[in-house]
Amino acid sequence: MNRARSLFLLKFAAIIVVSYVAVALKPVDRAVVTPFSKGVTAASGVLLNAIGDPVERQGTILRSATFAVDVKNGCNGLEAILLLVAAILAFPAPWKSRLLGIGAGVALIEGINLIRVASLYVLGRDYPHLFETFHVTIWQGVIFLLTIGMFVYWSARFGHPPDPASA
Amino acid sequence: MAILRIPRALRVTLAFALGVAFWIFAAESWHQVLGALVRATLPGEGAGALLVLADRSEILIGPVEFPAARGRVPMAVVTSNFALLLGLWGWDRNGFRIRGLVRLSIALGILGVLHFVAVVAGIHATVAVQLSQWAGERYGTFETNLWFTLWQGYQVVGAWAGAFIIWWALRSSPRSSIKPRGSHSSDGRAPLHRKP
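Protein chains in written order, with my numbering: chain Y, 1 to 167; chain X, 1 to 196.
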């Protein structure tokens with residue numbers, strides 16, 4: 001592995017550990033993460049109501065008479081945002097490009113995440129035997145695959161090219 | 001191989017779908033292997049007051065005499081990053097050629113070690129947080145917080161970041177066919193940054 005790759009991975013790992021510990025702290029969770037999850041829940045509720053699936057929202061819970069989902073950490077898209085931000089900050093690029101990548105990436109991740117939450121609600125209600133597989137494996141994999149895809153696209157289009165001497 | 005010639009987005013999608021299908025087919029066997037490895041390497045947990053039982057979908061830990069007091073480590077959250085790693089492997093055209101497959105084997109070996117470490121962290125976190133009355137004084141505040149943070153961190157972002165790190169470290173070539181902004185060349189490098 002060349003020096004540029006190693007340096008990127010070291011920076012990425014350091015940033016993601018620090019940012020995870022930061023969001024795991026109780027004051028940050030209370031002030032930022034929980035309100036964020038409530039916002040995601042509210043937006044997903046609006047989406048479900050708009051497509052003709054009436055739900056009520058209570059904090060981070062979406063419920064109807066027959067089914068309910070709780071949008072917890074890991075379902076609010078924050079984990080994918082942490083990965084994207086850590087990767088973009090660790091990659092050599094101008095700050096303007098980084099901000100552009102983070103802004104566009106966060107918007108895309110949260111847009112996809114709304115579809116994930118709404119689809120998991122419908123899936124859990126109508127096909128409960130499929131819920132766990134889609135919840136843990138398929139949707140999480142899709143979200144992270146798209147997040148990493150966004151980063152790789154951004155790094156190739158807006159990042160500094162690797163120094164040929166270090167390759 | 002035909003999979004090498006198809007567009008990248010389709011190749012990644014197919015590789016991810018293959019990963020999901022293989023995971024659904026083989027995960028239970030892998031979970032049992034992981035459970036057996038954990039039992040072999042944590043003999044104190046199995047033989048003492050706390051029992052470690054490996055199921056197809058979870059590891060159960062708890063006092064032998066009180067089954068109701070058992071904690072559980074769900075295995076799906078530990079191992080489902082396999083599908084992501086396989087999906088990422090579809091990114092590079094050379095990922096499924098012979099050398100790419102050798103690298104993939106190495107990547108899967110590292111991923112297996114990561115799964116084992118995650119299960120160990122999950123067991124320690126479960127014992128320290130849920131079963132502290134059975135664990136004696138083995139876990140102080142620092143150890144409890146450390147294992148819990150490691151286990152939570154793995155579940156939330158570590159599993160996926162781990163797969164990304166393994167892929168990025170072992171992928172065959174980081175050079176992309178995506179055209180950099182301001183470039184009129186197609187070799188993936190911006191002319192402004194070329195050395196003379």
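Hints are not guaranteed to be accurate.
Residues from chain X shown here face chain Y by an in silico Cβ test under 7 angstroms; the list is partial [stated by the list, open to error]:
1. ALA76
2. SER80
3. LEU150
4. GLY153
5. TRP160
Footprint (simulated), chain X over chain Y, 3 or more residues, beta carbon under 8 angstroms [unchecked claim]:
6. 7 to 13
7. 17 to 28
8. 133 to 140
These are computed hints drawn from the structure, not numbers from a lab.
Glycine residues also receive a C-beta, built at the ideal position from the N, C-alpha and C atoms.
Any hints this thing doesn't respect? Which numbers, in order? Structure breaks hint 3 only.
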